[in-house]
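Visitor: Listed below, chain by chain, are the residues.
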Amino acid sequence: MTTSDAATAAWCDRCGEAVAVGSHDGCAAARVLEPPRFCAHCRRRMKVQVLPVGWAAVCVEHGEIRG
Amino acid sequence: MPEILDQARTQVLENGVGLDEAGVLAVLNLPDEQLPAALQLAHEVRMRWCGPEVEVEGIVSLKTGGCPEDCHFCSQSGLFTSPVRSVWLDIPSLVEAAKQTAATGATEFCIVAAVRGPDARLMKQMREGVAAIKAEVDIQVAASLGMLSKEQVDELVDMGVHRYNHNLETCRSYFPNVVTTHSWEERWETLRMVRESGMEVCCGGILGLGETVEQRAEFAAQLAELDPHEVPLNFLNPRPGTPLGDRPVVEGKDALRAIAAFRLAMPRTILRYAGGREITLGDLGTRDGLLGGINAVIVGNYLTTLGRPATADLELLDDLKMPVKALSATL
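Residue numbers (our numbering), protein chains in the order written: chain A, 1 to 67; chain B, 1001 to 1331.
Everything labelled a hint here was simulated from the structure, so no lab data went into it.
Nothing false has been slipped in among the hints.
Label pairs and their computed distance ranges (CB to CB):
hint : chain 1 : residue 1 : chain 2 : residue 2 : range
1    : B       : Gly1078   : A       : Glu61     : 18 to 26 Å
2    : B       : Glu1151   : A       : Ala18     : 46 to 54 Å
3    : B       : Pro1052   : A       : Ala18     : 49 to 57 Å
4    : A       : Thr8      : B       : Glu1033   : 52 to 60 Å
5    : A       : Thr8      : B       : Asp1032   : 45 to 53 Å
6    : A       : Val32     : B       : Arg1127   : 31 to 39 Å
7    : A       : Arg45     : B       : Glu1003   : 48 to 56 Å
8    : B       : Asp1246   : A       : Glu61     : 29 to 37 Å
9    : B       : Asp1246   : A       : Ala18     : 20 to 28 Å
10   : B       : Glu1315   : A       : Cys42     : 33 to 41 Å
11   : A       : Val32     : B       : Glu1003   : 39 to 47 Å
12   : B       : Asp1032   : A       : Cys42     : 44 to 52 Å
A virtual CB, placed ideally from N, CA and C, is assigned to each residue, including glycine.
This is chain B alone, in the form it adopts within the complex (with noise of 0.2 Å):
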């Protein structure tokens, strides 16, 4: 057994205490003959410390196409040549959504737009697109509009979105290299907001943008720092179109291992399977981050891409005997 696996099963399934970015370094770096060990050790610590539910999420966006901000893996920025054009979710399809969400047992419904921040026409969307939600469907409602002012933050909580997603995407060192018209620390200010509304912080980011295996575990460290109620893990999907169009696929075992790297530097949080996972990872890589730490599934479609149907990653779970968590575990 290595060494660093040693540690944590101290330090981390036995006290709760995550590993550092050294420590998620060494995770990050083990051979291939120890990742086995590795998801066996991180899933017993998913097991611990968050038990054995499944935290089940839809998403849809509510505004696509068009964003003003340049973020280098997105084919949703209007400042690169990609095929995605702007589209606006009406109220009566936005509530529909939410009732396909919920028809899966899902309890998180997630409404994202693809924009610096919301403005005063956003901002109205979701006021009546909330509520309508909360009128007609029974789920818990999260929301995703880039960055926030107080104002927009103490805004949100009225109108009863329990989680806010705000991704830092990569870590503080690489962030300039993927996105150059804001800051991490931008980005960081919107999370502290949230955090200080009460609002559920959800943080988490992307892997394969071109960073090193050590910026991976800077990332992993910069996380935890920030203690996020949930972490989604994306894989790099490349765009048609944007700068990031041509990199390659994350290598199905480098995903398994940050997986396990992450849930040993974040022991309680959801660590939730996000877009990506389908190239990278196919379907038995799926069971294996299931069974190597991740807590967590956006079922369907994603905002721009498609997403294996709902019932395969219900019946997987099934399968795996861990039931989705309940409505009333979250409330």
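Same shape as in the complex, but just chain A (with noise of 0.2 Å):
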């Protein structure tokens, strides 16, 4: 997730739930070896191809993001 998308973010992009809820302290950590897996706008479960470089994860509704 970039600055600009966690300014805005609703879900947490790892575990799904409100980021307003509770500390996602660990997601934050654990997803530096994780792609997202939820969308941070809509919390729909992302389809998510990782590579042996980076990766590319697509909301239905919000599009692709890649890292």
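Using the hints, put the two standalone chains together into the complex.
Guide: Structure below.
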């Protein structure tokens, strides 16, 4: 997630829970070695393809992000 | 020096004969203060029987998620509430992944699918994908597609797949605690057919599934009996939503003990760092393992999780003066 994405994120992209509820420090730490699984805007599960270098995650509503 | 290490110095280092189950268990039970000596001996064994080269591999998931099997560690099982969704990789992206892998200096590229065994659609995707890679990328192609029929084994040979991965995952006695939708023996049968076909056998597993130390030794002995060309050694990375999602990570020293023990059980095999090393061992432990029996690495990302940047591993190998195995040396 980019900084600007994070500023508008309503949902944790790892666990899918609301970012405003509880701590997501553990999720943030885990995300160093994981791609996102949930769309930060709508909480939908994304289709994620991990590649040897990078990853691509697609939300049916909000499109593709890459990392 | 503990008796088991004296025995291993003669039996394994000098004569190239791996430790049996009791010997592996003795190594796994060594106290912390003996761990450096065990790693040093395992490193000497690796250098003597395998040489200094390190085989570098990249992997990619051709078909992710939606698997009908219930391997309790796996986030790709469709039977658990994992957030991993089903997705297929198209052939241009597969070729691009092979190019990314080759650019690291890797000689191996393993195509993996989360399936019980391949169906006609997957075999067609493999045939087209392997042909496209071979046309554009100078790299050896391996595959990991679950359990195979004899016809599928022959088809993979015909495609030019040179190595087949099918992990036993854990020892025979513990396997039913980890997988209930198929048996250890079914996996063994696929491995037997792969060996008979002339493809190289790649077979390892995951440590930290809840097995005892005795079962870890049993697993090493069973792998040694199989005598695979390569043993990928994973450490459980507990995945959310899976039955093993709350298990603790393997302690770093236990992981290193296992690396030394597996090397002393299989002096000539390619012993590869696979998934979970980042969280189990970290940077320092990764280095210790490479100086303790490991002679191969998966670089870059894994199937559903991310790894260290390939450059970090390649710099480490350079620092350790361990040359990356060249493609010409694998042909």
